[in-house]
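Given these sequences and hints, build the entire structure.
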Amino acid sequence: MDIISFICSPGVLCQVLVGLSRTVILFIVASGLSLILGVLRIPNIAHGSLYMIGAFMAFTVSKVFGGGITGYWMAVLLAPIIVAALSFIAERAIFCRLYEREHIMLFLLTFAFALIFGDLVKLVWGAEYRTVSMPRFFQGSIPIFGLPFPIYNFFLLIMGPLVAIVLWLIVNKTKMGKISRAAAVDREMVGAVGINVSLVFATVFVIGCYLAGLGGALVAPIVNVTLGMDHTLIIEAFLIVIMGGLGNIWGALLGALIFGLSQSLGILIWPQFGIIFPYAAVIVVLSFRPTGLLRSTW
Amino acid sequence: MGARKSIVALVIILAILAIAPLGLPRFYTYLIALIVTTGLLSTSLNFVLGFGGIYQFHHAVFYGAGAYGAAIMISKLGYSGWLGFVVGPLVAAALSFVIGLICVRLSKLYYGMLQISLGSLVWAIVYRWYGFTGGDDGIHGIPMPELVGSPLGAYYFTLIVGGLSLLVMHRILNSPFGSTLQGIRDNAVRSQAVGVNVRRHQLAAVVIAGFFGGVAGVLFVVVDNSVFPDMMFWTLSLEITIMALLGGWLTFLGPMLGAAVTVSLRTFVSGFTDYWTLILGILLVLVILFLPEGLLGYVFEVWKRRTSESAEE
Amino acid sequence: MLQVRNLHKSFGGFKAVNGANLEVADGEIVAVIGPNGAGKTTLFNLITGILSPDGGQVIFKGEDITGLPAHRTCKKGITRSFQVVNIFSRLTVFENVRIAVLSQQGKTFNLFTPSKRLVTDETASILKSVGLIKKKDSVCGALSHGDQKVLEIAIALGGKPQLLILDEPTAGMSPEETARCIDLIKALRNSMGLTILFCEHDMEIVFGIANRIMVMVRGATIIQGVCDEVRCNQAVQDAYLGGSDVCSV
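So the sequences go chain by chain: A, B and C. The first sequence begins at 4 in the numbering used here and counts up by one. The second sequence begins at 13 in the numbering used here and counts up by one. The third sequence begins at 78 in the numbering used here and counts up by one.
Calculated from the structure, these hints are not laboratory results.
Computed cross-link-like contacts, EDC-like style, restricted to lysine to aspartate or glutamate with a CA-CA straight-line distance of at most 16 Å:
1) Lys237/C / Glu199/C
2) Lys120/B / Glu105/A
3) Lys125/A / Asp286/B
Just so we're clear, the structure is a prediction, and the values are computed from it rather than from any experiment.
And the structure:
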């Protein structure tokens, strides 16, 4: 009885919501990862690094446009596009040569890019951490459950489902989306009917990386933008994708939800080892649904 | 691939390394010991990756488990070093059994991803459990038994244990178990159809690989007298995969060669620049694109082509 | 020796096997025929345990082995060759068969004896019986397609089976290779006492060596009987032989 009223108290619920709003970022990045996993069938280890580049790029773009609200929106607009462009170059230059090769090679290639991008960030921005100041528009809070809830986090809570819906529309309602879903299931058949499979892969890859960059740009105002933010993020994104079902966008949303909830609850109940709760959640989910909660495209 | 040739080469190399300290400054004995340790780790990874076709993407967990097992036994629980050295690999083997049991029934890539996740869980626990594992500081200044306490003692211990481990792994790979494992790599369905219980063999292989990964971890403790959580971080797992690939993942001694090249290069390059990871990344791209069979694999290919050409003449 | 009763298997909405029945007696050669997509390979997969059935029974030597996984049915005495060549591509011919023999003898967990020293004689005798002994050290990729199909059979023999299932053993073979393969199949039954179940598209082979024939159409068994019975059966003629009156031959 005590625990339930504790969990349902406004303070705790508020904290959980804050945790969830941060998990929205994870969802956005994970959805990109899931997309690439579903169609190209590779876990893109470089996804974390692209997220990091998105954050650093947001910092730079924001500065270029003088900070403030203009700087912020330009950053959110441009940083993911730059990340997408970078991934496009990488894909055309090197990736696409490997689609016919052994699977594991492609996976190791993404790791190579993770290494390269990681150091590239160090090269361009240096080793100190950066901060992107929160534009005044987003400062302050609104009352939820009678307690102040940061506006920016509220904004994130809206962005999450928005991105999910837009992504769902792209994947299910556009021609490109339908082709890529077909290519996920039977690459050879799609090629046999005359569609340039390589181009389909390129598009999916770029969109997935765009999402990673978007996540980075959106998270920039609320964290310290540092080297190494890629390392922990990619593991969390993996967990979400595994829990939700590989290649399933709604699975990524569900997985992110469970991740966020279990992490918030974990930190409340057992602060030192709160970080373990999401892992425990993954193990629980996998023990009765070995391929993830929702249907995976594999 | 000439099983006997690998043994002969190994013995010769070990012999050379055995007399090396007489001529080299102390730094190099440390470096060579590190190379042997890392090479053993990479070879144990390749036991399941190259010879078993199992996507063991977080092998470093077992390295760390072996090292932490020994370190905690000695530092925190006060047992003798020798007992710690035995417990370490056993802990690693037990961990690989548990993780293997969970992962082995899944498809290849799922296995790899889940292993990364479970391995990260172990890392997270070690990282946070300040009281027991030293948390993010790790454990330093671990006391060693007299015989291996000195740098030279540690060096020879590493050579002996490393060499023996390699010999044992080589023997296993040439046994019926090894043949079966390679059969499973090439064609799991066919293996099943000839009566092989694929899951059970894969689990056994994973445990063996984990055991020797743990041995490598113990060797690191002997050489460096410390442990830290980074030994279990997933980036190390992928680094040793790179070593296996670089050296030649379809050969037995390839990973050893890859480790030698990588560790030497890292030591050398880090003296000049901070961007070793960038160079490693570029190196990996080049290997994937142009030398996917690895250095040793390439040498064998050329040699095979030469001998078949001369046979035709 | 083998009874298959009313076997069913669906994939999604598609009924691949829809009521298959089969009887194979000791020492017989039984052929399964049917148009493409009739479910013959799926039937073999269900019997050997690569797939598990949704319904029905598979009884082997009086024991119910329905749904038993592939590695267990092999140990019970049923081995098979595959329609699409399915061998250990990186290993030599000799190694390929050796693995099968090692598995049959239960030696696969032997960690310390060099496998070179083991089961060499048994492996060699199998290769001799199929005529591949001269090529024993070739890597499989270098073999001709016909030789690879024969290797398929050799690997299946490594399991010392009582029932040998061959999935289109002569598919893609040249006429000489086909003739040799037919002789091999006959020799396997006559000298080694094997019971053989196979499927084929070449009617000459089927009517030439089979004792009984089972006809499958769209996943279901229409009839099983001796050659003349099947040849003259109206349903078979309509569904498969194009309705022509083969009986008048």
